[in-house]
Amino acid sequence: MTTMTTTTAPGRSPLGRIGALLAENTAYVALVLLALVGSTIANFASAGNVSSILYQYSVIGLLAFGQLIVVLTSGIDLAQGSMVALGSVVLGLLVPGAGVGGAAVIAVLMIALFGMISGLLVAFTDLPPFIVTLGMLGIASGLALTLADAKPVIISDSLISDIGSTVVAGIFPIGAVFWIILGVVLSIFLGRHKVGRYFYAIGGTAEGSRISGVPVRFTTVLAYTISGLCAGIAAILYAGNLGIGNPTGGAGYELEAIAAVLIGGASLAGGHGRIGTTAAGVLVLGCISSILDLSGVPQFWQGTIKGIVLLLAVVLGQIKLLRSAR
Amino acid sequence: MNNAEAGIAPVKNPFASIWSRHSATLQPVLVFVVIVVAAAVLSNGAFATPANLRNLLFQGAILGVCALGQYIVVITGGIDLSVGTTISLSSVIFVSSMGLGVVPAVALALAGGLVVGLLNGALVAFLRLPPFVVTLAVSQIAFSAAQIITDGAAIDRAPDGTPIPEGVTQFGSALFLGLPVTSYVWVLAIGLVVFYLRTRSGRFLFPVGGNERAARISAIPVTRVRLLAYAACSVLAAVGGLLFSARIGSGDPVAGTPYLLDSIAAVVIGGASLFGGSGTILGTILGVLTLGVLSNLTNLVGISPTMQQAVKGVVIILAVFLNTLRRR
Chain Y
3 MTTMTTTTAP GRSPLGRIGA LLAENTAYVA LVLLALVGST IANFASAGNV SSILYQYSVI
63 GLLAFGQLIV VLTSGIDLAQ GSMVALGSVV LGLLVPGAGV GGAAVIAVLM IALFGMISGL
123 LVAFTDLPPF IVTLGMLGIA SGLALTLADA KPVIISDSLI SDIGSTVVAG IFPIGAVFWI
183 ILGVVLSIFL GRHKVGRYFY AIGGTAEGSR ISGVPVRFTT VLAYTISGLC AGIAAILYAG
243 NLGIGNPTGG AGYELEAIAA VLIGGASLAG GHGRIGTTAA GVLVLGCISS ILDLSGVPQF
303 WQGTIKGIVL LLAVVLGQIK LLRSAR
Chain R
691 MNNAEAGIAP VKNPFASIWS RHSATLQPVL VFVVIVVAAA VLSNGAFATP ANLRNLLFQG
751 AILGVCALGQ YIVVITGGID LSVGTTISLS SVIFVSSMGL GVVPAVALAL AGGLVVGLLN
811 GALVAFLRLP PFVVTLAVSQ IAFSAAQIIT DGAAIDRAPD GTPIPEGVTQ FGSALFLGLP
871 VTSYVWVLAI GLVVFYLRTR SGRFLFPVGG NERAARISAI PVTRVRLLAY AACSVLAAVG
931 GLLFSARIGS GDPVAGTPYL LDSIAAVVIG GASLFGGSGT ILGTILGVLT LGVLSNLTNL
991 VGISPTMQQA VKGVVIILAV FLNTLRRR
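Residue numbers (the numbering used here), protein chains in the order written: chain Y, 3 to 328; chain R, 691 to 1018.
The set of hints was computed from the structure by calculation and includes no laboratory data.
Heads up, some of the hints might be wrong.
[What the hints assert, rightly or not] Not the full set, but computed from the structure, chain R residues with beta-carbon under 7 Å of chain Y: (1) 822; (2) 896; (3) 947; (4) 951.
[Said to hold, decoys possible] Coverage of chain Y stretches by chain R, computed from C-beta distances (three or more under 8 Å per stretch; other residues unrestricted): (5) 92–104; (6) 119–128; (7) 138–149; (8) 231–240.
[Unchecked claim] Only some residues are given here: those of chain Y computed to face chain R with a beta carbon under 7 Å: (9) 302; (10) 305; (11) 320.
Where a beta carbon is used, it is the ideal one built from N, C-alpha and C, also for glycine.
Using the sequences and the accompanying hints, generate a full structural model.
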């Protein structure tokens, strides 16, 4: 079974060992550097701004945790953004009838079910994960548009707007609290639980895992189901932040989730990645976005920069992969 | 294992034998025939009218050109998720540079496509990055470039006020011998791609997608073949963007969005394997027409237009599933 720590790195000299440590924790280093850059900009380090970064990026953060688990199994989930749209629409439509609690539970379970369908298709057929989830993206987005009649669904319930507006300890929006709790739970699950270790195993080598008795199909289905579960919770937060169910919302969120996972040092080849560094990757994206906002960079340019950041993350990951293969 | 043995075992049934040898061609033909018959039967005569068929070709021409590009990339075992935004980018560049004249505007739009394709191709071919993530990121960059150019809105004239000349929009809606002029552009593009597949570089697409290691050992310039494939795909998508602008009379940063799923659906309905190395042009052409008839059909049976994307998602998954069954 593969391990995720650096125990295999030789680290011949103390300098080499420090280099390896930095390479393993690129996301934390990048986060510290960005915070330093940010602190030269007025208002960046204020509680209000930090809170607003957390507010915007806890939705992406939830998606990134789900994406990480799928990526560990050497898969990918391109449907996350459209699942956020579908989940928020379902929530919006159900709130008048089922109440906020009931609607939220149904929406989250429904999106988790969609994730499970992706997982079943990946586990039991030869379909590549990107095509399964691309198909699911189309399905979820078509359903969201149809259910909402291509218009935003207004949610007029005070509990929903509370989700968007409540701030704990002056800095943590409710979304961020959810995100941190889920992060801690998943981190323990991935690091300590037997099933959590399976995700690393099947990403490292599916055939080897099968032989050593890892239930590869079960684990694969579980990974996509967890990704769906995360997307469902993200959809509730998204709807809470905006006060609407948005059938065209969440577009491109999967892109940021994938970028965060890769900045966090995970490999698209699977078997490698951590919750902590993924969270740092999310915050790196949040800081970049905030710095661009505060420096007055126009909105449309930010898309270009996000695309470039994703490309850089992929390229750096590939260089690391090629070096470790050597 | 059983499947592999079945493939080698002598087949008695002559039909089974024909199927096993020609299934790659027969499957898209069969699917197309079934869909056309269904549409003809269910529509009470509304399907086989000249106006409806002509409309199918108007839509098919744009998708047809883009699907050819996706086909080339899929043969190499890749995928291009930036097809949709490249269409948008091209249409936006075309309309916004109208002040320079139509020919320079066309050239600039195609150049924009070429840049996108070379970026995709260089990252996939030289750095051996997974195509879906490279093209996803490049797609995001192309999309925001299109938004920057028009400030996010659809435009029908250049910033200096030059509108799209009437000749261009006439080109987009004119008929020649009863068929849309744009469908002749599609035929021309098909001819070019057929020719390309017979050149040295084009012939290499199949071995590169089928077995990269064997291709490298046989001294096939794998890197160059890949680079050219992505460049060709994006240039074809840019042509699709030009056709879109001519047909609709605008440049739109979200124009190309539906064409991403459509182009992949057309190629996989056409029987090409996403693992590379197999697929026919005829299949891709039939895939484009099948999709056109299918969207006709869903309208006829009263499925809401907003469900189109969902239908396409199901179609893609089903088609790829069928193709993987056939591959065994």
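Holds or violated: is the Cβ of residue 302 of chain Y closer than 7 Å to a Cβ in chain R? holds, 4 Å
Are residue 320 of chain Y and chain R close enough, Cβ to Cβ, to be under 7 Å, as the hint says? holds, 5 Å
Tell me whether the statement that chain R covers the region 231–240 of chain Y is true, taking a Cβ distance below 8 Å and needing three residues at minimum. violated (count 0)
Using a Cβ cutoff of 8 Å, are there at least 3 residues of the region 92–104 of chain Y near chain R, or does the coverage claim fail? violated (count 0)
Restraint outcome when residue 305 of chain Y is required to lie within 7 Å of chain R by C-beta distance: holds, 3 Å
Counting residues of the region 119–128 of chain Y that have a beta-carbon nearer than 8 Å to any beta-carbon of chain R, does the count reach 3? As far as the region 119–128 of chain Y goes, the hint holds, because 3 residues have Cβ atoms under 8 Å from chain R.
Per-stretch coverage check for the region 138–149 of chain Y, three Cβ contacts closer than 8 Å to chain R: Coverage by chain R holds here, the residue count being 10 at a Cβ distance below 8 Å.
Interface hint outcome for residue 947 of chain R [beta carbon to chain Y under 7 Å]: violated, 9 Å
Holds or violated: is there a CB of chain Y closer than 7 Å to the CB of residue 822 of chain R? Check passed: Cβ of residue 822 of chain R comes within 4 Å of chain Y, closer than 7 Å.
Would you settle whether the hint for residue 896 of chain R is holds or violated, based on the nearest Cβ-Cβ distance to chain Y being less than 7 Å? Violated, because the Cβ-Cβ distance from residue 896 of chain R to chain Y comes to roughly 19 Å (cut-off 7 Å).
Under the criterion of a CB-CB separation shorter than 7 Å, is residue 951 of chain R in contact with chain Y as hinted? Since chain Y brings a Cβ to about 5 Å from residue 951 of chain R, closer than 7 Å, the hint holds.
In summary, the numbered hints that this structure violates are 2, 3, 5, 8.
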